[in-house]
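The opening residue of the sequence shown carries number 1 in UniProt numbering; numbering runs sequentially from there.
What the hints contain is simulated information worked out from the structure, not anything from laboratory work. Among the clues, some could well be false.
[Claimed, not checked] Pairs of lysine-lysine, DSSO-like flavour, derived with a Cα cap of 30 Å: (1) 32 to 201; (2) 145 to 234; (3) 39 to 184; (4) 145 to 86; (5) 122 to 234; (6) 32 to 231.
Since the model is a prediction, treat every value here as computed from it, not as a measurement.
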Amino acid sequence: MKLFNTLIAGGLLTISFLVITGATKAHIFQEKVAENAVKEWRNFHNPPIVFRAKADTEIRRDTGTAERPLEYAQCNIVNRYWRSVKTPPRGDFCRLPRIADKNQGGWDNYPWSAAFISFIMKQSRAGDQFKYSVRHATYILDAVKNRDNPNASFRGYHIDWIRPSVGDLICAPRGENAGLTYWKIIDQGDFESHCDIVVAKNNNQLEVIGGNVGDSVAKTIVSLDDQGHIKVTKPDFRPWFVVIKNNLR
Numbered sequence: 001m002k003l004f005n006t007l008i009a010g011g012l013l014t015i016s017f018l019v020i021t022g023a024t025k026a027h028i029f030q031e032k033v034a035e036n037a038v039k040e041w042r043n044f045h046n047p048p049i050v051f052r053a054k055a056d057t058e059i060r061r062d063t064g065t066a067e068r069p070l071e072y073a074q075c076n077i078v079n080r081y082w083r084s085v086k087t088p089p090r091g092d093f094c095r096l097p098r099i100a101d102k103n104q105g106g107w108d109n110y111p112w113s114a115a116f117i118s119f120i121m122k123q124s125r126a127g128d129q130f131k132y133s134v135r136h137a138t139y140i141l142d143a144v145k146n147r148d149n150p151n152a153s154f155r156g157y158h159i160d161w162i163r164p165s166v167g168d169l170i171c172a173p174r175g176e177n178a179g180l181t182y183w184k185i186i187d188q189g190d191f192e193s194h195c196d197i198v199v200a201k202n203n204n205q206l207e208v209i210g211g212n213v214g215d216s217v218a219k220t221i222v223s224l225d226d227q228g229h230i231k232v233t234k235p236d237f238r239p240w241f242v243v244i245k246n247n248l249r
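With the sequences and hints as input, model every part of the structure.
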């Protein structure tokens, strides 16, 4: 951002105006991503805050449990997320049959957290620079492959290499792939995972928002170490392994 002064009427009046440079445009896009994520978080009635994310919180719960189920109005919100990807589940998400297996429970077979991320990026006008997908692995893999590409809008780094900022994504493996490391991402190709959007940064912690966390859009508090890097404190907490830097201008 550059400040220019213009003299008018022989110097009697000075008007200052700003010209936004490319770096500031990038900052504006990142803020837009965060603002849209917060807006969707508030769209869910009494949205939860998870102070310490467990290793796998993408749980599909049945209405018969004590946990809060997806209400129909919230299902309609989730349908909006599905429409942002090319291959959404067939029909109305809210009317899909529940899984019969009582050990699995839940509304359906389709985790929607990647659809949430895709929706936020589309709402923020990322255009064709983001890999919209029903799988987090699609854009994680793309970002890691583009790590050393200075022209890439999204670049994926090991959590120890870079400090996350507002508008970035932080990601973790989950499910059967919970032990996956950063170094194996490209070889693995497709894998179960979860990503959240950084919406705030305060000294030693991040506030991040993601979808399908306990059947909701949830805000999670993530600890940072003294250098500002993500700190994975216990084995049973979500094993964050990638920071996707949002460099879109």
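For each hint, the structure was consulted:
no.	hint	in the structure
1	32 to 201	15 Å, holds
2	145 to 234	28 Å, holds
3	39 to 184	35 Å, violated
4	145 to 86	22 Å, holds
5	122 to 234	34 Å, violated
6	32 to 231	26 Å, holds
Hint compliance for this structure: hints 3 and 5 are not met, and every other hint is.
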